[in-house]
Structures are given as C-alpha cells and as structure tokens.
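Engineer: Sequence:
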Amino acid sequence: MNSLLIIDDDVTLLTRLGVQLEEAGYKVDKSSDLSHGAQRFAEARPDLVILDVRSGHDAGWELLERLAAEVPVMVVSSAAREEDVVRALEAGATDHIAKPYRSSELLARLRVRLGTPVAALTPSIAMNASVVGATPATIDTATTSSEPAEAPSPPKRRSEAPETLVDAKVFMTEAEELAMLRTRQLKATPATKPPPDLGGNGGVGNQMRAERMRRHMTLVQVENDLKIRMAYLQAIEDEKYTLLPRGPAALQMIKRYAEHLDVDASSMLEELRTQGFGDVIAPLPALGGHPLPRSLPRSLVITTAVLLALVVGLGAIMFFDPEFFAQLPTFFATLWEQLQQFGS
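Quick note: the sequence shown uses the UniProt record's numbering, first residue 1, plus one each step.
No lab work stands behind these hints, which were simulated from the structure alone.
Just so you know, even glycine gets a beta-carbon here, dropped at the ideal spot from N, CA and C.
Check before you lean on any hint, since a few could be wrong.
[Unchecked claim] Keeping only pairs whose Cα atoms sit at most 30 Å apart, straight-line, the calculated DSSO-like set for lysine-lysine is:
no.	residue 1	residue 2
1	255	227
2	240	255
3	27	240
[To be verified] Now the in silico label distances, taken between C-beta atoms and shown as ranges:
no.	residue 1	residue 2	range
4	296	225	52 to 58 Å
5	71	225	29 to 35 Å
6	90	291	58 to 64 Å
7	225	108	25 to 31 Å
8	267	69	51 to 57 Å
9	223	15	23 to 29 Å
My request is simple: use the sequences and hints to build the entire structure.
Structural biologist: This is the structure in structure tokens:
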C-alpha cells in the first residue's frame, strides 16, 4: 500500500483530505506543524509528500527543498501565482495544484505518480483468483462428461462491481465539492452574459466575489497581492461600505480591487461619491487638526481700543510737551476757582 504524508497548517482541510485519501486506498499520515511533519517523514519514510508551502508563515519553502531531494513532493497550496509555481518546480516539486482544488484532479495526479492504490484493486484481484482457481475443476468436468460446460461469465461481471463501488465512494460530485470548499453556495455567472446592472440592488459585490471564485483566488491571496486588509475586501464583496474607512481611501480600495478582477465598477464609484464617501474629513483639533476659530466679546474689544487710544495720546503729549503734566495742578486749581466764582 502506497504511503502518503500530508503537511498543512489548515486543520480542517488536513482532516478532510486525509479521509478522502484513506478511502481511496492510501496509507495516510498527517501533520499540521512543519517540525512535526519533518519528524514524521524521518520515521515513516512515505512514498510521496503533499505539502502546503504557505504553512508556518511561508516556512514550507525551506522544507520543500529538503524533502524533494529524497522523495517526490506534490505542492498543494494557495500560492498559485506564476512565480510561485515556477519556484516550487525549481525547488524540486514533482507537481503543483492550486487551492481550492478538485478532489478528482488530485487523485488522478496521485495515480499518475504512484499508480492505482492496492486497496482499490484487492476486490477485483480476489474475485479473479477465485475464477482462476475454479478453472481446473471446470476442465476436468468437461473431459469426464459428455455435456458441454457452461461459460463462467457471471464471475467476471461480479469482479467489476467492487471496483465501481470504490470509484463511486472516492469521487464526489461537483456540488459536494463546492459545498465543502465554500461557506455559501454561489451562483456562477457565465462569461458570455453581460455584467449585472451596477445601479441595482448591489450586484457589483456579488460580481466581484463570483469572478474571484471563478479564478480560484482566496481573500488571503488577494490581500497579499493588493496589500488591502481581508476585512475590507470582505466588506466590498458584501457591499457593507460603512465598514470601510471614510474618505478617498475607500474609493481607491474598491477601484484597485475591481481592476485586479477586471470588473467595471465606475457606476458604483460614482454612486459612492454622491453619498460623500470621497469627501476628505478633517481630523479633530485634539488629533492634530486645525484649531477651531475663536471670537472675543465686543465690549472687550471696545475697552481695549479706548485704553490703547489713551495710552497713545498721553504718550504723544509727553513726547511733544513734557511740561504739560507739570502745569496740570495749576490748571485744575485755576479751573476750580473759576467754577466757584461762577457759582457765587
């Protein structure tokens, strides 16, 4: 029985893939940690290794070079860009499959590398052996009896049944694979149909999601390509624009994502501009923004102006007539006497 070692930090996918390969007739060993996977490889010495190079924050690339020098390594990873495929093959990988993948395709490529599993051939081999063992008895009966012996055709038909059951058990339908790989069932839009109405009930986000799934791209891969957070990409696909940052940054994110998928989102961008998503919002004064304008009371302004006028006037008098203030007591005394005489 061919033995396989699967190294992938995605525990859910690791368990599901291990069950599928065991049902296909392979002996499977699994590991979600690179160090433990290298240890299991040294102990079990499998016939082939299935590795995700993105495991351990891209530390799987180093492990690929070490394992590929000893056994065939098949890379099954979301690192599916052209440079990633070339890098994997140059590092020694025998094959590369991009995530999400088709189970039937993976099993077909394993059969090319390792042949048909022994467990899948066991029922048919046992049935053929029983037929071969019964052949001498049939010959003896034919020689001792004058009646012709019947042809043993039914056993051959029964030998084909177990192999058909094994295939039906291993290969799942396309609907089951889509339900397993996606959190929700998406309705694929044929490429020949025109794009949906951008002014309708939010068809652009669904169109972006459908185009991304058609290209077998994950949100993690798009995040690495565009340097946009996965939460913002999910908000764009769900058309929850209130979760995006306010200002021109939101429009720039939607534009870059649409150009990355070759989707026309001009109408949606125009609609968001009319709703004020592209307006620049000034920060608060406490966060480094411009201070708010301040106004002084009108009475304070008038009092300050009068005082300044007096100071300027007195200063001018002291400058041009220094003896003026020395004559002020005499002036006020004379004025007081005149007032008294006028009153009497």
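Engineer: Now tell me, hint by hint, if it's right for this structure.
Structural biologist: Status of the hints after comparison with the structure:
no.: 1; hint: 255 - 227; result: 13 Å, holds
no.: 2; hint: 240 - 255; result: 16 Å, holds
no.: 3; hint: 27 - 240; result: 46 Å, violated
no.: 4; hint: 296 - 225: 52 to 58 Å; result: 56 Å, holds
no.: 5; hint: 71 - 225: 29 to 35 Å; result: 32 Å, holds
no.: 6; hint: 90 - 291: 58 to 64 Å; result: 59 Å, holds
no.: 7; hint: 225 - 108: 25 to 31 Å; result: 29 Å, holds
no.: 8; hint: 267 - 69: 51 to 57 Å; result: 54 Å, holds
no.: 9; hint: 223 - 15: 23 to 29 Å; result: 25 Å, holds
Going down the numbered hints, you'll see the structure goes against just number 3.
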